[in-house]
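Here the protein sequences come in this chain order: A and B. Counted from 1, the first sequence has number 87 at position 87 by the numbering used here; the numbering is strictly sequential. Counted from 1, the second sequence has number 1157 at position 157 by the numbering used here; the numbering is strictly sequential.
Careful, some of the hints might be misleading.
[Stated by the list, open to error] Distance condition first, Cα-Cα at most 30 Å in a straight line; then the derived DSSO-like pairs of lysine-lysine:
{"id": "1", "chain 1": "B", "residue 1": "Lys1145", "chain 2": "A", "residue 2": "Lys36"}
{"id": "2", "chain 1": "A", "residue 1": "Lys145", "chain 2": "B", "residue 2": "Lys1036"}
{"id": "3", "chain 1": "A", "residue 1": "Lys145", "chain 2": "B", "residue 2": "Lys1085"}
{"id": "4", "chain 1": "B", "residue 1": "Lys1062", "chain 2": "A", "residue 2": "Lys85"}
{"id": "5", "chain 1": "B", "residue 1": "Lys1036", "chain 2": "A", "residue 2": "Lys85"}
{"id": "6", "chain 1": "B", "residue 1": "Lys1062", "chain 2": "B", "residue 2": "Lys1036"}
{"id": "7", "chain 1": "B", "residue 1": "Lys1085", "chain 2": "A", "residue 2": "Lys85"}
{"id": "8", "chain 1": "A", "residue 1": "Lys62", "chain 2": "B", "residue 2": "Lys1085"}
{"id": "9", "chain 1": "A", "residue 1": "Lys194", "chain 2": "B", "residue 2": "Lys1085"}
{"id": "10", "chain 1": "A", "residue 1": "Lys47", "chain 2": "B", "residue 2": "Lys1145"}
{"id": "11", "chain 1": "B", "residue 1": "Lys1145", "chain 2": "A", "residue 2": "Lys62"}
{"id": "12", "chain 1": "A", "residue 1": "Lys194", "chain 2": "A", "residue 2": "Lys145"}
{"id": "13", "chain 1": "B", "residue 1": "Lys1085", "chain 2": "B", "residue 2": "Lys1062"}
No wet-lab data here; the hints were simulated from the structure.
2 protein chains.
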Amino acid sequence: MLRLYDYLPSGNGYKVRLLLTQLGIPFERIELDILKGLTRTPEFLAKFPNGRIPAVELEDSKLLFESNAIITYFAEGTPFLPDDKYNRAQVMQWLFFEQYSHEPYIASVRFLVMYPQVSDDRRMIIDFMRRRGHDGLGVMEGHLKSHDWFVGQHYSIADIALYAYTNVAGDGGFDLSAYPSIRAWLERVKSQPKHIPITQG
Amino acid sequence: MLRLYDYLPSGNGYKVRLLLTQLGIPFERIELDILKGLTRTPEFLAKFPNGRIPAVELEDSKLLFESNAIITYFAEGTPFLPDDKYNRAQVMQWLFFEQYSHEPYIASVRFLVMYPQVSDDRRMIIDFMRRRGHDGLGVMEGHLKSHDWFVGQHYSIADIALYAYTNVAGDGGFDLSAYPSIRAWLERVKSQPKHIPITQG
């Protein structure tokens, strides 16, 4: 069976759990506490050299890391990733936007706030990170003012990727009250069939 | 004709210039000085809400941003992006690795070093960013010890994406002498047909 190396509080891990659940693909979840360094052991690094979850071991023992690469792999050939070349490119655009302009700020601030015991140089620039997080939310709000979904007329992995940390942005002190279109979109995502919350393994 | 909004010193822009040149796709390059705020004008933001180059306007006026989404779009159906599903997933894995664990540190340190006049809160954590950059280079070195290319037996957009800022990492003070496999790979990339340097528009 597909093995997912995961950490329940992780939004990046949640993207994979949510997609696999919505696709009905069974998987074994292996919980690794990142705070205890369990993704930096020699055994883990030998398989996944970037030392991060989520990571998957496919049924034929092939390995894959990077949350958005994993969800792209499983979404291929399903309604979660469009066939049309330009629509696919737009999905990729939003996935890269998520990893570059959203997650590094919104997820990182959440992490620093949730785990004040963690020593991290980034704590020095938490105000900067909050501003950058709001920049990312502003781009999302602008798009969602005139679109129900990030790409085309359907829920896709672009929505899954951006939903993961946006829905828990409040954990990092991000107030979403100024983003009505984002809040309406969060509800649309939650109402999709087989939706699960981040806390569900 | 395809229009590429670009900034010559940008490694992210260079990825697109290099791939389009190697594919023989003609394009018009529109240089925008990011230091003068030319990617944050209302006109630019109306088209590309994340306010960053590279961004492209396709011949049918369709728009696309995010360097790695753009190179994925153009590589589709060419030898620069494998057909095999798992190999494609590995290309995506390295593209996301590049944008998450490489570019934010190696490109950002280069930017902060090259433009000391730019005020940036990240300057406070430049030592942290250098360590993270070396973490990324370490992952690359580990892979390249036993592989000629990032995915499969061929040069692909995974190599293009990682080459862009690795080859100019020295601008940010990164010493590559401890990474012999990376240095040999840089030479392999440079020897590919129709290679152009970052300084060529």
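Hinted pair lysine 145 of chain A and lysine 1085 of chain B, Cα distance within 30 Å | violated (35 Å)
Distance restraint between lysine 1062 of chain B and lysine 85 of chain A, which requires alpha-carbon spacing of 30 Å or less = Cα-Cα ~12 Å, so holds.
Agreement of lysine 194 of chain A and lysine 1085 of chain B with the hint, judged by alpha carbon distance not exceeding 30 Å = This hinted pair holds, its Cα atoms lying about 26 Å apart.
Given the hint that lysine 194 of chain A pairs with lysine 145 of chain A, does the C-alpha gap stay at or below 30 Å?
-> With Cα atoms ~26 Å apart, lysine 194 of chain A and lysine 145 of chain A stay inside 30 Å; holds.
Lysine 62 of chain A and lysine 1085 of chain B: Cα distance at most 30 Å?
-> Holds - the C-alpha atoms of lysine 1085 of chain B and lysine 62 of chain A are around 12 Å apart, at most 30 Å.
Do the alpha carbons of lysine 1085 of chain B and lysine 85 of chain A lie within 30 Å of each other, as the hint requires?
-> Given pair lysine 1085 of chain B, lysine 85 of chain A holds - Cα atoms ~16 Å apart, limit 30 Å.
Satisfaction of hint between lysine 1036 of chain B and lysine 1062 of chain B, Cα-Cα up to 30 Å | holds (26 Å)
Lysine 47 of chain A paired with lysine 1145 of chain B [C-alpha distance capped at 30 Å] = holds (15 Å)
If you draw a straight line from the CA of lysine 1085 of chain B to the CA of lysine 1062 of chain B, is it 30 Å or shorter?
-> holds (27 Å)
Holds or violated: lysine 1145 of chain B to lysine 62 of chain A, with C-alpha atoms at most 30 Å apart = holds (19 Å)
Verify the proposed pairing of lysine 1036 of chain B with lysine 85 of chain A, using a straight-line Cα cut of 30 Å.
-> violated (34 Å)
Holds or violated: lysine 1145 of chain B with lysine 36 of chain A, Cα cutoff 30 Å?
-> holds (29 Å)
When each numbered hint is compared with the structure, violations occur for hints 3 and 5.
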